[in-house]
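Undergrad: Based on the sequences and whatever the hints tell you, model everything.
4 protein chains.
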Amino acid sequence: MILDWKRFLLPYEQAVEELKVKFKSIRSEYRKMGQYSPIEFVTGRVKAMSSIVEKSERRNIPLDRIEEMEDIAGIRIMCQLVDDIEKVVSLIRDRDGKDLKIVYEKDYIENIKESGYRSYHIIVSYRVQTAIGEKEILAEIQVRTLAMNFWATIEHSLNYKFNEQIPEDIKMRLKNSAEAAFLLDKEMSEIKDEIIDSQGMFQQRSSI
Amino acid sequence: MILDWKRFLLPYEQAVEELKVKFKSIRSEYRKMGQYSPIEFVTGRVKAMSSIVEKSERRNIPLDRIEEMEDIAGIRIMCQLVDDIEKVVSLIRDRDGKDLKIVYEKDYIENIKESGYRSYHIIVSYRVQTAIGEKEILAEIQVRTLAMNFWATIEHSLNYKFNEQIPEDIKMRLKNSAEAAFLLDKEMSEIKDEIIDSQGMFQQRSSI
Amino acid sequence: MILDWKRFLLPYEQAVEELKVKFKSIRSEYRKMGQYSPIEFVTGRVKAMSSIVEKSERRNIPLDRIEEMEDIAGIRIMCQLVDDIEKVVSLIRDRDGKDLKIVYEKDYIENIKESGYRSYHIIVSYRVQTAIGEKEILAEIQVRTLAMNFWATIEHSLNYKFNEQIPEDIKMRLKNSAEAAFLLDKEMSEIKDEIIDSQGMFQQRSSI
Amino acid sequence: MILDWKRFLLPYEQAVEELKVKFKSIRSEYRKMGQYSPIEFVTGRVKAMSSIVEKSERRNIPLDRIEEMEDIAGIRIMCQLVDDIEKVVSLIRDRDGKDLKIVYEKDYIENIKESGYRSYHIIVSYRVQTAIGEKEILAEIQVRTLAMNFWATIEHSLNYKFNEQIPEDIKMRLKNSAEAAFLLDKEMSEIKDEIIDSQGMFQQRSSI
Chain A
1 MILDWKRFLL PYEQAVEELK VKFKSIRSEY RKMGQYSPIE FVTGRVKAMS SIVEKSERRN
61 IPLDRIEEME DIAGIRIMCQ LVDDIEKVVS LIRDRDGKDL KIVYEKDYIE NIKESGYRSY
121 HIIVSYRVQT AIGEKEILAE IQVRTLAMNF WATIEHSLNY KFNEQIPEDI KMRLKNSAEA
181 AFLLDKEMSE IKDEIIDSQG MFQQRSSI
Chain B
1001 MILDWKRFLL PYEQAVEELK VKFKSIRSEY RKMGQYSPIE FVTGRVKAMS SIVEKSERRN
1061 IPLDRIEEME DIAGIRIMCQ LVDDIEKVVS LIRDRDGKDL KIVYEKDYIE NIKESGYRSY
1121 HIIVSYRVQT AIGEKEILAE IQVRTLAMNF WATIEHSLNY KFNEQIPEDI KMRLKNSAEA
1181 AFLLDKEMSE IKDEIIDSQG MFQQRSSI
Chain C
2001 MILDWKRFLL PYEQAVEELK VKFKSIRSEY RKMGQYSPIE FVTGRVKAMS SIVEKSERRN
2061 IPLDRIEEME DIAGIRIMCQ LVDDIEKVVS LIRDRDGKDL KIVYEKDYIE NIKESGYRSY
2121 HIIVSYRVQT AIGEKEILAE IQVRTLAMNF WATIEHSLNY KFNEQIPEDI KMRLKNSAEA
2181 AFLLDKEMSE IKDEIIDSQG MFQQRSSI
Chain D
3001 MILDWKRFLL PYEQAVEELK VKFKSIRSEY RKMGQYSPIE FVTGRVKAMS SIVEKSERRN
3061 IPLDRIEEME DIAGIRIMCQ LVDDIEKVVS LIRDRDGKDL KIVYEKDYIE NIKESGYRSY
3121 HIIVSYRVQT AIGEKEILAE IQVRTLAMNF WATIEHSLNY KFNEQIPEDI KMRLKNSAEA
3181 AFLLDKEMSE IKDEIIDSQG MFQQRSSI
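Protein chains in written order, with our numbering: chain A, 1 to 208; chain B, 1001 to 1208; chain C, 2001 to 2208; chain D, 3001 to 3208.
In short, the hints are calculated from the structure, not lab data. Bear in mind the structure is a predicted one, so any value in this text is a computation, not a measurement. Be aware that a few hints might be false.
Unchecked claim - Pairs of lysine-lysine residues, derived as DSBU-like cross-links and limited to a Cα-Cα distance of at most 35 Å, are as follows: (1) K1098(B) x K6(A); (2) K2135(C) x K3101(D); (3) K1024(B) x K2024(C); (4) K161(A) x K113(A).
TA: See the structure below:
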């Protein structure tokens, strides 16, 4: 089967543009209201054609069922603190049945990947109106902290650079560093909570 | 009534961002498929607070019914040729009941405004998901040719600069120039059609 | 000679991005100061590889001298009124020897092209710092009114669509419509001047 | 002295736009050449008027010497790995005397701030052409890893939220977490180096 890739990718590109605008708006809305935003920044991308083909071969997905691939359209939402992830996930759940449909969720924060990878994934179905008509596509929304993103960015870049041939002992070190990044995340959340507590104390005292 | 303007304008700002992305995508989709795009470019803006207040006073709209104002969110779609307007309008009609609802249409191309103004307006109702919940707002989509836009841009800028105090004889000249711009538009469309005809002839002849 | 096109086009792409930001900033600066901007909007593009090759063949430019082509990087500045063109040109001349160097100017408003085309072109030399070092490239800045742009956009699109095979009688009609567009431009400028005069009169009278 | 803030901030806003485009281009240039980019992403901002006033009071800078403030225009460049910082710094040094001038450098990676803050700062002088003429302004370029940025973002947000009144014991915990983030950075760099070594071994063996 010969795929007209340009045509095929059109609705995915549009979906990514629309979803990026939608989640970026939420951030600027919090800022305009002078409130803390659970979203720190948002990125998005359409999977490169070569990566789609490579994945379809690896997973034995025939090209005429390629639309079942869940991450052709990908949105990444970065949060400052671990607690923010929950807030963002619940913002997305609130939209379920409105401008998007949640297909399923994958909690790689509770169920850490073998590699050490942590993130919360939500697979959504999203409807776009294109020049060639309406189309419903799948998109993967990844929600993660800045620390999880720091680790995942480097791990991805190492894997890519070294063609997924990372020796076992180094894999172990990467995994340990993922653990360290997560401990850092937890420490930052705790610090925030303690500051809130001590602030409360401080304000009580100063109002005597 | 005291309005929290920042909060009030949030969903309008988001709607404009989303609608701009949606119509710009259509243009890039035509281009990617190597086809002529009926959309040449797209702009959008949220009406300034001062203009909203001024209009509400002029039209006697109380501030608690200000959401009935149709052009707080405004999208402008520019076309090369008059015929393209129809195609764009029908693309928007195709979306009715999908990602937007058409409230009504105002055809200022058939029914030219007293000033000479021409454009096709579609008032839509559009649903946005904001940080403070779901909201359905009104937006005005103006569809016009580059020539109509040329005229309207200058007329608007003159009116603004001279505080709507344009003398009668000059109003008449502006109106005549709107007419001239429209004749130019028609001439360009005709030239296109003749080229298509002569091309047809040329291709028939050369294939003998 | 085999050209590494990606590498070759890099500095042009960067120059277009930088110049677009620079001229767009000027517009937003006038707006922020509450003043009329002689710049209405700005676009830019790098010539497609296929068009560069096609032009180099047509003009007999060997590929190792392709850097002499003046319009690989192109910036287009649109003005509302004919008088604004002069202001924009003088803004660019003021930068000569600063962030750009003027190589030469081509006045297609005084010396209209055979086709009817009008615009003011400035060829500049612009220095960019890229990942692969410093590079000085040529760029063409076109300054035109909205009406000139309306005509040029349609003429270009017709020429492209019909493979430059526009019959003589239709060429004549296109030329006439360019003339009509220019008369419209002049009429708009005159209307503006008359409004300024009559405003002056009005203000004198009302201050008695 | 009354400052016309809009006018005052214009060249800073333009400088930030230009510098963002320039450093983002470098990233996309590496990507287009299929090479690893030492720049992961770039952000920029002009300091809010209120923060400028607050800082000028805190530091006793009179408003007529406010241009000496070095961080009114701020650019932030994020790198994946600690080693990349050096590469980015040397890319900036290569431009010294070309499109920017280096005023001085502050190495908060060698000389960590009391709070635990790490980043490499370069103060540059940058010349912009605005609608109101040429102007040379100061800008601060911060170069840091994703991990340093993770820590600094949260520390800044905590300081802001709690009005700089963070108790001593919590300050100590924040400092420790900065240390942990830096160890993580070092571990990631080492992992990369080991992978390169083991890859080298692997390739030698497979080429026997």
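Undergrad: Of all the hints numbered above, which does this structure not satisfy? Sort the numbers upward.
TA: none
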